[in-house]
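Colleague: Protein chains in written order, with my numbering: chain A, 1 to 355; chain B, 1 to 355.
Since the hints were derived computationally from the structure, they do not count as laboratory data. Here the structure is a predicted model, which is why all the values come from computation and not from measurement. For every residue, glycine included, the Cβ atom is placed at its ideal position computed from N, Cα and C. Just so you know, not all the hints are guaranteed correct.
Quick list of the computed label-pair ranges, beta carbon to beta carbon [claimed, not checked]:
hint: 1; chain 1: B; residue 1: 294; chain 2: A; residue 2: 44; range: 44 to 50 Å
hint: 2; chain 1: A; residue 1: 10; chain 2: B; residue 2: 211; range: 34 to 40 Å
hint: 3; chain 1: A; residue 1: 45; chain 2: B; residue 2: 316; range: 31 to 37 Å
hint: 4; chain 1: A; residue 1: 213; chain 2: B; residue 2: 294; range: 48 to 54 Å
hint: 5; chain 1: A; residue 1: 84; chain 2: B; residue 2: 8; range: 57 to 63 Å
hint: 6; chain 1: A; residue 1: 44; chain 2: B; residue 2: 246; range: 37 to 43 Å
hint: 7; chain 1: A; residue 1: 280; chain 2: B; residue 2: 53; range: 52 to 58 Å
hint: 8; chain 1: A; residue 1: 104; chain 2: B; residue 2: 246; range: 37 to 43 Å
hint: 9; chain 1: B; residue 1: 93; chain 2: A; residue 2: 288; range: 47 to 53 Å
hint: 10; chain 1: B; residue 1: 349; chain 2: A; residue 2: 321; range: 54 to 60 Å
hint: 11; chain 1: A; residue 1: 26; chain 2: B; residue 2: 53; range: 33 to 39 Å
Number of protein chains: 2
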Amino acid sequence: MSNTTTLQLEVEKAKTSKINEVDFDNLAFGSVFTDHMFICDYVNGEWKTPKIIPYQSLVIDPSARVFHYGQAVFEGMKAYKDDNDQIWLFRPKDNFDRINKSSKRMAMPEFPEEYFFEGLKTLLNLDKDWIKKGLGNSLYIRPFVIASEPGVMASPAEEYKFIIICAPAQAYYGGEVRVKIADHYSRAASGGVGAAKTAGNYAAQFYPTKLAKEEGFQQVVWTDANTHEYLEEAGTMNVFFRIGDKLLTAPTNDRILDGITRKSVIEIAKDKGIDVEIRPVKVNEIVEAAKKGNLKEIFGSGTAAVITPVVGFGYKDKKWDLPKLTDAYSSVIKEAILNIQYNKSEDKYGWRYKA
Amino acid sequence: MSNTTTLQLEVEKAKTSKINEVDFDNLAFGSVFTDHMFICDYVNGEWKTPKIIPYQSLVIDPSARVFHYGQAVFEGMKAYKDDNDQIWLFRPKDNFDRINKSSKRMAMPEFPEEYFFEGLKTLLNLDKDWIKKGLGNSLYIRPFVIASEPGVMASPAEEYKFIIICAPAQAYYGGEVRVKIADHYSRAASGGVGAAKTAGNYAAQFYPTKLAKEEGFQQVVWTDANTHEYLEEAGTMNVFFRIGDKLLTAPTNDRILDGITRKSVIEIAKDKGIDVEIRPVKVNEIVEAAKKGNLKEIFGSGTAAVITPVVGFGYKDKKWDLPKLTDAYSSVIKEAILNIQYNKSEDKYGWRYKA
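Could you build the full structure based on these sequences and the hints that come with them?
Modeller: Below is the structure:
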């Protein structure tokens with residue numbers, strides 16, 4: 001007799017598909033969603049039967065905790081289709097583990113692994129026509145959890161919704177990316193929620209990022225809130241710096257997201273014989289290297305962005321341009337990651353996951 | 001010819017009232033809402049016609065920014081009914097100004113003053129039977145703004161909803177309140193959003209507060225994230241300390257909410273001849289005063305809590321009880337505030353506002 005249980009997953013298929021209305025060659029990131037969504041309610045201390053339903057609006061009480069107290073976490077993942085129409089995910093167990101880690105920090109219930117993987121695979125296979133072949137094309141997957149319980153008391157909710165929605169995606173960033181190094185505003189406090197992928201961390205960056213955009217930058221690279229002397233992350237990306245032939249990135253801590261692309265970059269770089277140092281990186285060190293012409297690259301890593309080369313940075317009232325390299329680490333590492341994601345190379349790491 | 005315009009406010013009345021289903025003697029805070037709500041949509045760069053409609057669920061796309069990036073702000077206010085059935089608000093212009101200040105920090109559009117006051121007064125008068133007379137009874141008012149635009153791109157939304165919901169309230173805290181002084185977790189970073197009344201600041205406190213509750217405390221008093229040496233606020237209340245006959249509270253900064261009850265407490269205390277010092281307050285100072293028997297009171301101030309006396313506090317592995325005073329500052333100041341709020345005394349400050 002086996003102890004494994006059969007997951008009850010209710011599937012209600014959409015009567016018609018919206019796919020023919022979509023221009024797949026002109027997709028704004030995260031703006032068009034597939035025909036179905038995954039949804040599972042947490043009520044009375046347990047996750048109820050998970051469901052796949054036609055993509056639809058949520059009907060939520062205006063007093064629901066998520067609107068008032070921001071009790072919400074999310075993940076970002078991608079599905080890729082290879083030349084044989086097989087769908088692949090990239091290190092999805094890490095996303096699953098991280099959303100539960102985020103939930104714990106936000107006093108929210110953890111989600112069962114089987115529900116997540118069965119739900120996700122069923123959803124992807126139902127909406128498989130939305131995943132287009134070809135490098136750069138993917139399906140962006142957004143699992144998220146929101147506190148749906150009505151009531152404006154400032155305490156953890158007892159009702160939640162775990163939802164997965166999917167948006168067909170091309171590349172995340174168009175155009176050149178310049179970053180501004182923060183010297184006044186901050187993203188996260190020590191002892192705070194910076195390491196959790198929780199909603200409030202993102203809105204907190206919008207205003208300082210708007211100010212940076214007015215100065216001609218696309219993103220802010222955050223520094224520690226205490227001294228602003230150490231580089232942390234870019235809010236939607238972890239950040240790498242190449243000084244000479246050395247690749248530097250900050251260690252993760254309770255202010256910095258433990259990025260899955262970040263750790264993949266580190267592993268691939270080391271395997272390619274690149275000298276990688278994971279240690280606190282001073283703003284001054286980067287500025288001095290830029291002055292001497294030793295700062296060869298800055299790039300961001302993240303699921304949405306994959307790897308985003310940075311063409312220049314600003315700090316206080318100064319701006320620096322970065323050289324254009326033909327043998328950039330960012331290109332070499334990005335290619336290696338994409339080859340694994342799209343099943344174009346061997347995957348000695350075991351990162352690829354058949355959906 | 002006058003330049004004043006007549007506000008268009010659409011009112012759709014509820015067909016039936018839920019008021020008879022409510023047990024006003026046994027209200028859990030923020031759990032029961034009145035018959036109507038105020039709602040106004042921001043679309044295409046402007047606030048559209050504000051509406052009062054029957055209290056109802058929101059229908060929102062699952063990709064709406066508020067669920068993913070926490071772009072949301074709120075306020076807490078109360079309406080009081082005097083013996084002549086007149087409804088009063090307490091310093092509502094300060095709440096209005098603060099929600100716009102919070103919105104600015106979260107890259108959200110400011111709301112027009114006329115819409116706010118006309119909407120609020122109309123709403124309160126429609127639901128006036130929900131405001132019960134008698135000290136301690138009030139109508140808790142929750143204005144809030146959420147980013148409703150669909151799309152999971154991490155940038156400010158272009159569509160919002162400004163909503164006001166109301167819940168009849170008795171006292172906020174039942175039972176004795178003990179507080180734990182934070183020595184590891186934090187609420188806000190310098191350069192962050194701690195001074196904004198934004199959703200994410202609250203969920204961030206739930207887990208550390210849960211840990212504190214397991215140790216027998218009801219609230220956490222936050223300290224600065226950098227050194228944990230200075231006392232800041234309690235998350236839903238500002239905090240006051242009485243050493244000897246001196247009343248101490250931290251100055252506001254970009255980590256601490258500029259509380260309306262807080263500044264009312266300061267003004268009333270000064271008028272009563274109490275020596276008030278607004279300056280950074282060290283944890284050590286409080287602990288040393290407690291050891292010497294000079295720490296006479298700790299109390300919190302806030303709209304929901306009004307004034308909440310604290311009966312004891314914990315710091316690291318030690319706990320202290322506070323003396324029970326017959327002439328506590330908290331009682332004297334609370335009474336003065338309540339008398340103004342309920343129109344039982346003169347209001348030389350001009351804080352009372354006829355709804």
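Colleague: Would you list, in rising numerical order, the hints stated earlier that this structure does not obey?
Modeller: The structure breaks only hint 6.
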